[in-house]
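> Single-letter residue listing:
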Amino acid sequence: MATLNINGQSMDIGELDPSTPLLWVLRDELGLVGTKYGCGIAQCGACTVHLDGAPVRSCQIPVGTLENQQITTIEGLATADGTLNPVQQAWIEHDVPQCGYCQAGQIMSATALLSKNSNPSDAEIDASMSGNICRCATYIRIKAAIKTAAQTASGTAFYDATSQPETA
Amino acid sequence: MKPFSVQDDKKVTDLNRRQFFKVSGVAGGGLVLGLGMSASKHANAQLIAEGPSELSPYVQIQSNGRINIFSKNPECGQGIKTGLPLIIAEELDVRWEDVDVIQADIDPTKYGMQLAGGSMSTPMNWTAMRQAGATARLMILAAAAQQLYVPIAELRTSESKVINTTTGDEYNYSEFAELAATMPIPTVEELSLKDPSDFTLLGKRYSGVDNHELVTGKPLFGIDQNRPDMAYATYTKSPALGGTAISFNEVHIKSLNGVIDAFIIAPVGDLIGQGMNGAAIFGGVAIVANSTWAAMKAKQELEVEWDNSAADTNASWSKLVANAESIADQDGPMELLNNGDVDAAFANADQIIESFYEFPYQSHVNLEPQNCTALYENGRIELWAPSQTPTFAEPGVAAIAGISPENVVLNQTRIGGGFGRRLNNDFAFEVTAIARLMEGTPVKLQWTREDDMAFDFYRPGGFHSYKAALNAEGIMVAFSDHFITVAQDENSQRPIEAANLSLDILPMEHLENVRVTQTLQPAAIQTGYMRAPGSNAYAFTFQSFLHEVAEAAGKDYRDFLLDMLDREDLPAPPMPEGMPPGLPAPVAFSNERARNVIASVTDRAEWGRAMPEGRALGLAFYYSHSGYVAQVADVSVNSQKEMTVHKVWSVADFGFIHNLNGAENQVQGSVLDGLSQLMYAKISFEGAVIEQSNFHQYPLLRMSNAPAVDTHFLEPIDVFPSGSGEPALPPALPAIANAIYSASGERVRKTPLSELGYTLV
Ligand code: FES
Ligand code: FES
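Chains as they are written, first to last, in the numbering used here: chain A, 1 to 168; chain B, 1001 to 1761.
I should point out that these hints are in silico values taken from the structure, not numbers from a laboratory.
Mixed in with the good hints there might be a few duds.
As the list claims (entries may be wrong) - Calculated lysine-lysine pairs in the DSS-like style (CA-CA distance at most 25 angstroms, straight line):
{"hint": "1", "chain 1": "A", "residue 1": "LYS143", "chain 2": "B", "residue 2": "LYS1750"}
{"hint": "2", "chain 1": "B", "residue 1": "LYS1647", "chain 2": "B", "residue 2": "LYS1750"}
{"hint": "3", "chain 1": "B", "residue 1": "LYS1555", "chain 2": "B", "residue 2": "LYS1467"}
{"hint": "4", "chain 1": "A", "residue 1": "LYS147", "chain 2": "B", "residue 2": "LYS1647"}
{"hint": "5", "chain 1": "A", "residue 1": "LYS143", "chain 2": "A", "residue 2": "LYS116"}
{"hint": "6", "chain 1": "B", "residue 1": "LYS1641", "chain 2": "B", "residue 2": "LYS1750"}
{"hint": "7", "chain 1": "B", "residue 1": "LYS1319", "chain 2": "B", "residue 2": "LYS1750"}
{"hint": "8", "chain 1": "B", "residue 1": "LYS1161", "chain 2": "B", "residue 2": "LYS1204"}
{"hint": "9", "chain 1": "B", "residue 1": "LYS1204", "chain 2": "A", "residue 2": "LYS147"}
{"hint": "10", "chain 1": "B", "residue 1": "LYS1555", "chain 2": "B", "residue 2": "LYS1750"}
{"hint": "11", "chain 1": "A", "residue 1": "LYS143", "chain 2": "B", "residue 2": "LYS1647"}
{"hint": "12", "chain 1": "B", "residue 1": "LYS1319", "chain 2": "A", "residue 2": "LYS143"}
{"hint": "13", "chain 1": "B", "residue 1": "LYS1467", "chain 2": "B", "residue 2": "LYS1319"}
As the list claims (entries may be wrong) - Okay, the calculated beta carbon distance ranges per label pair:
{"hint": "14", "chain 1": "B", "residue 1": "GLN1640", "chain 2": "A", "residue 2": "ALA144", "range": "26 to 34 angstroms"}
{"hint": "15", "chain 1": "B", "residue 1": "MET1334", "chain 2": "A", "residue 2": "SER130", "range": "42 to 50 angstroms"}
{"hint": "16", "chain 1": "A", "residue 1": "SER19", "chain 2": "B", "residue 2": "GLN1640", "range": "52 to 60 angstroms"}
{"hint": "17", "chain 1": "A", "residue 1": "ASP52", "chain 2": "B", "residue 2": "GLN1697", "range": "28 to 36 angstroms"}
{"hint": "18", "chain 1": "B", "residue 1": "VAL1587", "chain 2": "A", "residue 2": "GLY82", "range": "44 to 52 angstroms"}
{"hint": "19", "chain 1": "B", "residue 1": "SER1502", "chain 2": "A", "residue 2": "ASP17", "range": "36 to 44 angstroms"}
{"hint": "20", "chain 1": "A", "residue 1": "GLY82", "chain 2": "B", "residue 2": "GLY1614", "range": "46 to 54 angstroms"}
{"hint": "21", "chain 1": "B", "residue 1": "MET1334", "chain 2": "A", "residue 2": "SER19", "range": "51 to 59 angstroms"}
Unchecked claim - Taking beta-carbon pairs under 8 angstroms as the criterion, some of the chain B residues facing chain A (in silico):
{"hint": "22", "residue": "ALA1142"}
{"hint": "23", "residue": "ASP1224"}
{"hint": "24", "residue": "PRO1228"}
Every residue gets a Cβ at the ideal spot worked out from N, C-alpha and C, and that includes glycine.
Let the hints inform the model, and build the full structure from the sequences given.
Below is the structure:
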């Protein structure tokens, strides 16, 4: 196994140990450091990425299991011309981050939620975001930003690299 | 507020330096002007310094009109990278949209003290940052006058422009920047700072300057650092704090895939005793590998023979609790305060209320586990350190590397959570020791979450045994506290780091008869400062106990507090010894400001209104870091101890608020952090081994249990701002605990509440 499909691009990962968690391949091998390490045991959500559009904890996914799957990371959310997706925009508008360390994972969970459910209830937001810890406790703004993003995004598709046409 | 883009450091170095005009210097704040920058240890500073004019530490104006403002202090989530440049921009009289904020190098010769701690960044730098902006503005005006042949009095500035008041002509600052850089630097006396009523930027809402980079996953943090041909390290220490490594399965570890080297590192200094000032590390085993994962995997296979003779293997939280309980009804052997005649007041009391409170050790659990990157080469070391006190790290790094401090270069990175943990630089010292043995190879040391939880500088646990006397009118007339805290060993005569009690906590200064005594219990577990240190524990115990006293007196808690605070202020305390220069003089506790926040928050929460069965409001007030905060919590609790915190109202007086977004975010986070601590946070230890390892054993609040927070700031009496990152946390715990009592009749006297059977639903 030598390539991964990340953010719509094929990326060569050479002869890596297939048991290496995707998290460390992204961070150390591919320079995609937006995905963060927080706990290594699926407790914090800092490492959340999308696998075929669904949020997963990349610290738990051996890279050897990922052939033929579309991986999206925080670096893949904005369009090629740099336009932010509605979640990212809402995060800036609400000034959500404090230290900011958890926020890539939060945004990945929120984007996955909104791409499946464009108008989530409070309880649905809580349920989808319960795997993401924010040590700075910015939860109030995260929730407000998700609601703003749901409004601005209504009717427009969420950009996600997995919905992009296959790159040649 | 429209987001704006932020330029990163690299672009600055990439710019043709002839595009730069360097203006301004700054007076005050320990800054040195006109310093020959050839002496700078930083490559990009040197590059800029080769330009035609004098370098300014804070302000650069580019020929295209963009304005670079340098932010001196570490950013750990407190918003300082937005806050300090805003203050400069205000007095520089520019549009915020024209500003690019750049993180300054660590260089005390230019910036003075560079740290994030004690809610001091804003108050310490408020005047200096205003002067920095005003200085640059005055130099631009002087240059404009010369260039336009117009008296300076006929020129004014507005929104990044110089305006000729006679002709109405407008000019961009950049047109005068080159000449401005050659103007004499005005003295402080020549500067006229704006009247706060003329502020055009300060006091509004701003989105953090790094937000765009954060939401797109750009490398900002310590953990994101990447150097060419970098190696990755783990460092494994004895689970018994203070133990050292004798030997390990070296041959096996070195045979593992990806492992480059593995070696024992001897301990340096007294990590437990030296606190945040020491260059100290525990001994252990370093594994250096070609990826983080290879180093972590090898760490799992490590078998080490430890020498734990230096560890305090008697250190046990359960023993501390048992012993504290056994001496609760006595006074302690050390008398800290004895005012009036406490014994007589108790002898004549109509009613005596006694209670024993317990608070545990806690961990900071920054979401970014400790890490640091270093390159040692040719007798020089460079570090990329997510440190709250980079200035303090330098001598320790030099000592451990065995080189002089001139050969240490520190770069600051964004910090994935400070909370006081990164006031200690142990991670920087560890990577120094490792990099020293890997000469020529950049090394990133990565702690696991388990390392992070097992080797914190913990918030110390402790106990208060309180006693209050009420007279026949139900007035509180005497108070005593037996404070039981921790010392490093049985010979120590003072509490271990951050385990002391300040003697100005309500009601100590508000009653005639007060006695405070202290008992020290030994436990060699390293401790340190955590967000609102001291206050984060004592607010819960003091404000819960005062609520008990009010209840015993049959008084509403708001009225009880307002009565107690209805008195003349004491004189301001003296400046404490050994404080850094530039601090504003201490001010007296203002009873009026305290009363105002209590009155305001109880109004906003409609204090006194009827509540349904099993649901109540709780109130608390606390003063810390010069901030006055009162909070009301609306809490339901049922017979199964399932509780919901519906809402918390917070009213704060922090003086002038210069970025409302930032202050509000800090208060919201503080309240939720307080709830998290109240419910879950506890570190325990047996035989000097920490018993919690990861978030499953040290839970944090999650979104589903986060209450709404109504955040309000009072109009400042005084324009001087205090910090907003800490003082809103302490009152959250007792406000919620007092509501639990009023809702259920059960008084909680220890945290975390999860151990008393409470859950959040
Ligand atoms: S690092 Fe993967 S869930 Fe915490
Ligand atoms: S913003 Fe700091 S952990 Fe979420």
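> Are the Cα positions of LYS143/A and LYS1647/B separated by 25 angstroms at most?
holds (15 angstroms)
> Under the criterion that the straight-line Cα-Cα distance not exceed 25 angstroms, is the pair LYS1641/B, LYS1750/B satisfied?
holds (15 angstroms)
> Regarding the pair LYS143/A and LYS1750/B, is the alpha-carbon distance no greater than 25 angstroms?
Since the Cα atoms of LYS143/A and LYS1750/B sit roughly 31 angstroms apart, the hinted pair is violated (cutoff 25 angstroms).
> GLN1640/B and ALA144/A, beta-carbon distance inside 26 to 34 angstroms?
Given range 26 to 34 angstroms: holds, Cβ gap about 31 angstroms.
> Given the hinted pair LYS1319/B and LYS1750/B, is their Cα-Cα distance within 25 angstroms?
holds (16 angstroms)
> Could you see if the CB distance from MET1334/B to SER130/A stays within 42 to 50 angstroms?
holds (47 angstroms)
> Return holds or violated for the Cβ distance of ASP52/A and GLN1697/B against the range 28 to 36 angstroms.
Since the Cβ atoms of ASP52/A and GLN1697/B sit about 33 angstroms apart, the hinted range of 28 to 36 angstroms holds.
> Please work out if LYS1204/B and LYS147/A have their alpha carbons no farther apart than 25 angstroms.
holds (23 angstroms)
> How does the Cβ-Cβ distance of MET1334/B and SER19/A compare with 51 to 59 angstroms: does it lie in that range?
holds (56 angstroms)
> Taking 52 to 60 angstroms as the hint, is the beta-carbon distance of SER19/A and GLN1640/B inside that range?
At 44 angstroms between Cβs, range violated.
> Is the gap between the beta carbons of GLY82/A and GLY1614/B within 46 to 54 angstroms?
holds (52 angstroms)
> Quick one, is the ALA1142/B hint okay against chain A at 8 angstroms, beta carbons?
Because about 37 angstroms separates ALA1142/B from the closest Cβ in chain A, which is outside the 8 angstroms limit, the hint is violated.
Checked against the numbered hints given earlier, the structure breaks hints 1, 12, 16, 19, 22 and 24 and satisfies all the rest.
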